[in-house]
Amino acid sequence: MRNLIFLFVKHGGFVTFLLMEMLCMYLVVNNNSSQSAIFNNSLSAASNVITDKFDNVRQFIQLSEVSDSLARENAALLQEKEYAQFIQTVFKDSIREPEKEQMYTFMAAKVISNSVTRNNNSITINRGAAHGIKPSMGIIGAGSNGVIGIVKSTTQNYSRVLPVLHGQSSISASIKRNGFFGSLVWKGGDPTTLNLVDIPKHAELLEGDTVQTSGYSSIFPEGIMIGTVDTAWLIPGTNFYEIKVKLCNDLSNVKYVYVVENLMKSELEVLEKEVSNE
Amino acid sequence: MSNVVMTNVLRFFAFVFIQVLLLKDINLGGQSFNYINIIIYPLFLILLPLRTPHSVLVLLGFVLGVFVDAFYDTYGVHASASVFTGFIRPYVLKLFAPKGGYNINYSPTKHRYGINWFVGYCSTLLFLHLFFYFSVDAFTFYYLDEIFLRTVSTFIISMLIILVYKFLMDPVE
Numbered sequence: 001m002r003n004l005i006f007l008f009v010k011h012g013g014f015v016t017f018l019l020m021e022m023l024c025m026y027l028v029v030n031n032n033s034s035q036s037a038i039f040n041n042s043l044s045a046a047s048n049v050i051t052d053k054f055d056n057v058r059q060f061i062q063l064s065e066v067s068d069s070l071a072r073e074n075a076a077l078l079q080e081k082e083y084a085q086f087i088q089t090v091f092k093d094s095i096r097e098p099e100k101e102q103m104y105t106f107m108a109a110k111v112i113s114n115s116v117t118r119n120n121n122s123i124t125i126n127r128g129a130a131h132g133i134k135p136s137m138g139i140i141g142a143g144s145n146g147v148i149g150i151v152k153s154t155t156q157n158y159s160r161v162l163p164v165l166h167g168q169s170s171i172s173a174s175i176k177r178n179g180f181f182g183s184l185v186w187k188g189g190d191p192t193t194l195n196l197v198d199i200p201k202h203a204e205l206l207e208g209d210t211v212q213t214s215g216y217s218s219i220f221p222e223g224i225m226i227g228t229v230d231t232a233w234l235i236p237g238t239n240f241y242e243i244k245v246k247l248c249n250d251l252s253n254v255k256y257v258y259v260v261e262n263l264m265k266s267e268l269e270v271l272e273k274e275v276s277n278e
Numbered sequence: 001m002s003n004v005v006m007t008n009v010l011r012f013f014a015f016v017f018i019q020v021l022l023l024k025d026i027n028l029g030g031q032s033f034n035y036i037n038i039i040i041y042p043l044f045l046i047l048l049p050l051r052t053p054h055s056v057l058v059l060l061g062f063v064l065g066v067f068v069d070a071f072y073d074t075y076g077v078h079a080s081a082s083v084f085t086g087f088i089r090p091y092v093l094k095l096f097a098p099k100g101g102y103n104i105n106y107s108p109t110k111h112r113y114g115i116n117w118f119v120g121y122c123s124t125l126l127f128l129h130l131f132f133y134f135s136v137d138a139f140t141f142y143y144l145d146e147i148f149l150r151t152v153s154t155f156i157i158s159m160l161i162i163l164v165y166k167f168l169m170d171p172v173e
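The listed protein sequences correspond, in order, to chains C and W. Once you know that position 126 of the first sequence is 126 in this note's numbering, the rest is easy, because the numbers rise by one and skip nothing. Once you know that position 126 of the second sequence is 126 in this note's numbering, the rest is easy, because the numbers rise by one and skip nothing.
So that you can see chain C by itself, here it is in the shape it has in the complex (with noise of 0.2 Å):
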């Protein structure tokens, strides 16, 4: 102990120095106003520069946080983006006459998918069985109207449309101009045209006579147009015409239809049961 305290009495110099002067400092900064205010000022000054460069190392090892998180809040922003939504919003119009009953109601919807080149193609729509969508509903274009196609099948948000181009797709269809109507099938290659079979012979035929639908199968409202006429043929062997329509739509660039629905359909259905039970 004593020769520690030799030790230090000899050699502690250095270390008495600068245990005295900081406590000199200490009774400086502590009791004179001046100093103490400079002292301050300098402490704050300091300490923000030194916050600061804290601050930018520790954000330079942040910033793989930061950018998960930023490419987190794109994804989140991206899916608030329109074409990142399913606008459940149904866009409904009706045919309103003021003598008249509602009938059909018409559905925006939008084609997510389509084909025109196969034998049997499909299309398949952005609105499905939550939008009150059901089988067997038709399907018209907008703007130049034009027949699209039958729903066939739906899930709860899409619909399958069984479109015109299809070896099953069967569509009732009438001549404007004298009313004679019969089925409208395609038989495969050109996506612009269709045939109208089950034409009797005797009704006199024009070149771009208007094509539209007959209203027949309650799917359809009568007088959407079709197409028109563009060549006729007798089948040989049959009473019946088979004319090629060309339609006045093309489904090749189909970008939006409306779904037709027919308020009466379970109306008529009661009916037609009625009459073919009996």
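Not one of these hints is a red herring.
When the alpha-carbon atoms are kept at most 30 Å apart in a straight line, the in silico DSS-like pairs for lysine-lysine are as follows: (1) K94(W) to K10(C); (2) K246(C) to K176(C); (3) K99(W) to K10(C).
With the Cβ distance kept under 8 Å, some of the chain C side facing chain W (calculated, not the full set): (4) G13; (5) F17; (6) C24; (7) L27; (8) S34; (9) I38.
Facing chain C, a subset of chain W residues (Cβ under 8 Å, in silico): (10) P53; (11) H54; (12) S55; (13) V56; (14) V58; (15) L59; (16) F62; (17) T74; (18) Y75; (19) G76; (20) S80; (21) V83; (22) F87; (23) V136; (24) F139; (25) T140.
Treat the hints as calculated values from the structure; they're not laboratory data. Where is the CB? At the ideal position from N, CA and C, for every residue including glycine.
Starting from the structure of chain C, add chain W where the hints point.
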């Protein structure tokens, strides 16, 4: 031995009281040139015996400074300068070491080592003390020119008074 201790104890109080009761209130520069103080109390540290241990010098510097501060009402300012002076004294002594080296039983006085040596040694320590003191007093080097002005003007007057004292009384220790 006890004679040396007694001398220094007396000197301690003498310098402190001369400093705080007399010199503290003297303002030679007046209102227009408020840069001249008279500071002679470091002479106590300057005249301590050569064999005084380094750490003891520093501690005595602190005690001296605190006493002066108590009257100046500037706790720590004079003390830090005195601590600094006590700390650098051995190095300044080394700087001014005579050819034969020091006799560690002596005190660093004009009587022992001559006027030239004493002026060099004393003025170096006093100047450094004053510079340190005014730096701590300003607490920033932003007004470095002012610090230097105070240091130099105070140093000249103080050194003159110290030399007068030394010529009037030329103590061996």
